[in-house]
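Novice: Take a look at the letters that make up each chain.
Protein chains: 4
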Amino acid sequence: MKRIAVLTSGGDAPGMNAAVRAVVRKAIYEGMEVYGINRGYAGMVEGDIFKFETRDVTNIMSQGGTFLRSARYPEFAKLEGQLKGIEQLKKHGIEGVVVIGGDGSYHGAMRLTEHGFPAVGVPGTIDNDIVGTDYTIGFDTAVNTAIEAIDKISDTSYSHKRTFVVEVMGRHAGDIAVWAGLATGADQVIIPEEEFDIKAVVARNMDGYENRGKSHAIIVLAEGVTNAENFVAMMKEAGDTSDLRATNLGHILRGGRPTARDRVLASWLGAHAVDLLKEGKGGLAVGIQNEELVSYPILGTAEENALFSLAEDGKIVVNTPHKAQTKLAQLSRELRR
Amino acid sequence: MKRIAVLTSGGDAPGMNAAVRAVVRKAIYEGMEVYGINRGYAGMVEGDIFKFETRDVTNIMSQGGTFLRSARYPEFAKLEGQLKGIEQLKKHGIEGVVVIGGDGSYHGAMRLTEHGFPAVGVPGTIDNDIVGTDYTIGFDTAVNTAIEAIDKISDTSYSHKRTFVVEVMGRHAGDIAVWAGLATGADQVIIPEEEFDIKAVVARNMDGYENRGKSHAIIVLAEGVTNAENFVAMMKEAGDTSDLRATNLGHILRGGRPTARDRVLASWLGAHAVDLLKEGKGGLAVGIQNEELVSYPILGTAEENALFSLAEDGKIVVNTPHKAQTKLAQLSRELRR
Amino acid sequence: MKRIAVLTSGGDAPGMNAAVRAVVRKAIYEGMEVYGINRGYAGMVEGDIFKFETRDVTNIMSQGGTFLRSARYPEFAKLEGQLKGIEQLKKHGIEGVVVIGGDGSYHGAMRLTEHGFPAVGVPGTIDNDIVGTDYTIGFDTAVNTAIEAIDKISDTSYSHKRTFVVEVMGRHAGDIAVWAGLATGADQVIIPEEEFDIKAVVARNMDGYENRGKSHAIIVLAEGVTNAENFVAMMKEAGDTSDLRATNLGHILRGGRPTARDRVLASWLGAHAVDLLKEGKGGLAVGIQNEELVSYPILGTAEENALFSLAEDGKIVVNTPHKAQTKLAQLSRELRR
Amino acid sequence: MKRIAVLTSGGDAPGMNAAVRAVVRKAIYEGMEVYGINRGYAGMVEGDIFKFETRDVTNIMSQGGTFLRSARYPEFAKLEGQLKGIEQLKKHGIEGVVVIGGDGSYHGAMRLTEHGFPAVGVPGTIDNDIVGTDYTIGFDTAVNTAIEAIDKISDTSYSHKRTFVVEVMGRHAGDIAVWAGLATGADQVIIPEEEFDIKAVVARNMDGYENRGKSHAIIVLAEGVTNAENFVAMMKEAGDTSDLRATNLGHILRGGRPTARDRVLASWLGAHAVDLLKEGKGGLAVGIQNEELVSYPILGTAEENALFSLAEDGKIVVNTPHKAQTKLAQLSRELRR
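Chains as they are written, first to last, in UniProt numbering: chain A, 1 to 337; chain Y, 1 to 337; chain D, 1 to 337; chain B, 1 to 337.
Bound conformation, chain A alone (with noise of 0.2 Å):
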């Protein structure tokens, strides 16, 4: 293969950039060409495709975001677009392509490649909730960047004997929730892997303020169980008495600039997919596990590894699932007070 493309699809992670770089300068070294395609899967099928220089990468492993944008588009999920997809890429003779993204973006990948045009997927998000990889690129500054929130807004809940609910992004996966609770020592961490009883919530709450000498309390709240908002009124209607207050972290877990480790691990994984490609291999997704790069079908058996699988009535199965850090959250457990 001799000419690749790159493209960011699905939310934005810091680190996206960094993996972008990586696949450019790896290509390059590798002797190829690579060219960039903007605004995912929209940008390709209206050919908003441009050449790549190895100085045009110089500065971006830094910055936050995804320089390259990203859409959503669900026109892709129709044949239609993907062939016209591919047209456009044929136009510049591009003969394979890099999907960077979350596992959403890896259903157009695989299709692409049912079409005959390899595409390999990347790993970036936040949420830490794409099966086949340890970790996602993102997820390590999200989880630093909710620990600096939680650590100011301590020095307020401190200051005012408050409880705070604090929310965080992840929708299926309570990753971001854990860690953060776990690293910032949080009161109580709530996570949609885990049932919750909001009377056990305020039960614990109370009691910290009662008999365990607390004087205030951190719960970490991962958006997928409900909002912050509600969760102050469940908490109050189930017998809460404490100053409760109710903060959102919001947007600003997605921005920033990467850390050490999101940039280190995008760098990787942009350079393994790239290998991959080079051999004409696709259909695969990249991913770290037990501190090694992995590969693995994005669509198959079971037996085959593959991360997903087709279901007798046509739905997409996956076939490990994310597994739940209910270890770190156990451990959480045992070390507040």
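Since the hints were derived computationally from the structure, they do not count as laboratory data.
Keep in mind that this is a model prediction, so the values were computed, not measured.
Think of the CB as a built atom: it goes at the ideal place given N, C-alpha and C, for glycine as much as any other residue.
Hints are not guaranteed to be accurate.
Said to hold, decoys possible - Taking CB as the label site, the calculated pair distances span:
1) R204/A x H92/B: 24 to 34 Å
2) K78/A x I198/B: 56 to 66 Å
3) N59/B x G47/A: 53 to 63 Å
As the list claims (entries may be wrong) - Covered by chain A, according to a simulated footprint, are these stretches of chain B (three or more residues, beta-carbon under 8 Å):
4) 52 to 65
5) 74 to 87
6) 137 to 150
Once you've looked at the hints, dock chains Y, D and B against the given chain A.
Specialist: Then chains Y, D and B, alone, in the frame of chain A:
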């Protein structure tokens, strides 16, 4: 005066600890003894008072919040509470008190002084809305926290071509919004001191996308105008068709390690309050104006340069209202594109 | 004036980019055209000049350094270089120039103006040592970078019971040292504007460990006095037996994202320089004094409030030297323990 | 085991406090009592020991350094010191001890265990050079501090077209240098695990300026190779004519608020050490390998997976040396330009 005390009152602000440290160290330097009062006026009335040693404040300067804690205590508006407070202070032989907080807290200081117990106010609040000082302790840190967060949101805003309405604290004063907006190159800044026309806001925003080549936008909104969710709803109703998002920086603005400027300002103001008490002066608030230390009577006539006067109907009137940052707001408009 | 240019000169400082942005945007706002000159006076003489569009400065405000670059160019002290520079500017129809840099850079601006080509100086240096302004662009960021670093060194200093001598930039002015020392509660601050006795320094240090219950110490040293290694050697020779370490914060103080205050100050001063050029004024330097914009003749008599005069022997004399931060240095001594 | 103690030893590292917190809280969770030992083995021998309450560690997790302090204490290599230490511990009824520090500190733990007093080592050092663990506590924070500093130096390097040689800690291991170099896109990384030819270093550097369009360069140097000043001198002697500067990040790498990852890792390892002691196990060091908790005998044979063996001449031999980060170093070379 040989023995003074210090308390923090109102919303916590970064740098309050540096101000407490300055009061403690300066008082000891001047040969006085100094006491701490926990939880503001509530702790004063309840006698939650302890003697400070010089080492007690050794590591607090770099910490956010207030380790003396703060509390609302409306009972202190009544004579009974004030007399009870003075009684508690006299039990410890305390002869004067430094009150660090917003201008609501100044009223208590004024009452104490009226009852023959000298008290001096030190301006501590992130809002920068206290009369008699160009800057309040905590403002500089809050603005820096705001620009870090807005820089992060800009990453996402750029990546997804969105318009973000970012709400920052400031009930009566738009200072945080104006400074943060200017320092991040925000497209529009909406503050309580300036009227706005939602149609003009939307017209400018849409014109940016349609005619001025803008691909995303940040609008900084002071909470005193309305909240971000409402503002987004208003924009939609007025015809904005961009991809609008609301986010509230909320309580993260209150916490965090104080900046150098807030630490220096707090040190300066705290030490000056001790100077005044040492001379037996009370009923004053300290401030910084044109880079010089100043102090003004809290209550009196405009001719006396007092911050507040009593109107005929008994209401408290601000003699020289906090000036709006209209020059900076105008500069912000001239430098945006 | 319809067409102006901007350059950065001398050591780079955080906020220079914000000043360039302000010059570009303000000029366009005022209906002028604006050009950028790369690499300071060297680029001027070599004709390394390009036209600015409003979008060229869109994302530079939050970046450290100067994207126009800077360079030493002693040749500009000679008439030949100056005339060549003017010739280059005139080729592009440029009628005035804004020079952002230290006061060394002001001399060039003065010469240009003497040759009939109006130039205005904007104070940009981390050292805060420029006459005619209370603060220079970059100082606030440098102090904040310094206190972050010193807070980190304090962690180690505490952990190991050590005395750290921390060297910060400042060849002629101790402002960074004084502010950083006060803001971190440093035990001693050594600056060029105050004499020191190494025996007294050691005596105080040893007394801290022996009699005042200190377990570690930080001494902040301005580079203008001597370097940290030397100072440690001097302390040892004078009998200090504590566990002494030298560290030099060095070049990290020059870089980094500018603080809110530096961005606002740079915006304000850059825009003001454009205002002056628009009125056809040159040979001036802008500044901020007592929170107000000011401008002064660069060269002239003391009566004209000029920053510099020509002495009879042809040497340049500073009319009103940068004032030492003796008040803050004294406050620092009163608040330490 | 009903009563254990914890100490920190060797160079301080961010996250040591989080590890102490984890030991204290986990021990209390398991129904044990837990004591703190100040100043490492020195404090043990001198009996500087106190009982921990659960609240004592409430706010330490986010703090850099070690609040238990650390100290060099070569006397502990002798039998007398070891027996005296055990005697002090037994006075308080302590039955086991957790030692947080570098692998030098492990030797003490091993000796205690040999004398029948179970001790477990927890890897705490920024250098990441401890056998038996993929990561040490403090490494992630140090790398992030390094990249922040190098990003700042890059601003200046770019502005002035300079080559900066940036020295980072790492006497035996180049891990900080490799990670920081890869994460900042440094042009060259010089580490003790790889030979270098100063002529090749200079050739590449000059080629960058002359043929590859580079305008500045960063070379990251591990202290184990030589210091930055020397390296610059070597480069000059080998013919480098670029504008060379040396800077040493030095002690700022040791301090600072720990990152999320260091807090989580420290919590995990500290708690695991308590688990081992609870089962009566000693003479072990805990670590993380392939994302799983592991523990190994500190001293023993290679077959037993022990970290160290005794050679016939009585010297201590490392069984499985810390592996060099050659893969990442190679990746760094492939992605630079």
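Novice: Which of the numbered hints are not met once you compare them with the structure shown?
Specialist: Violated: hint 5 alone.
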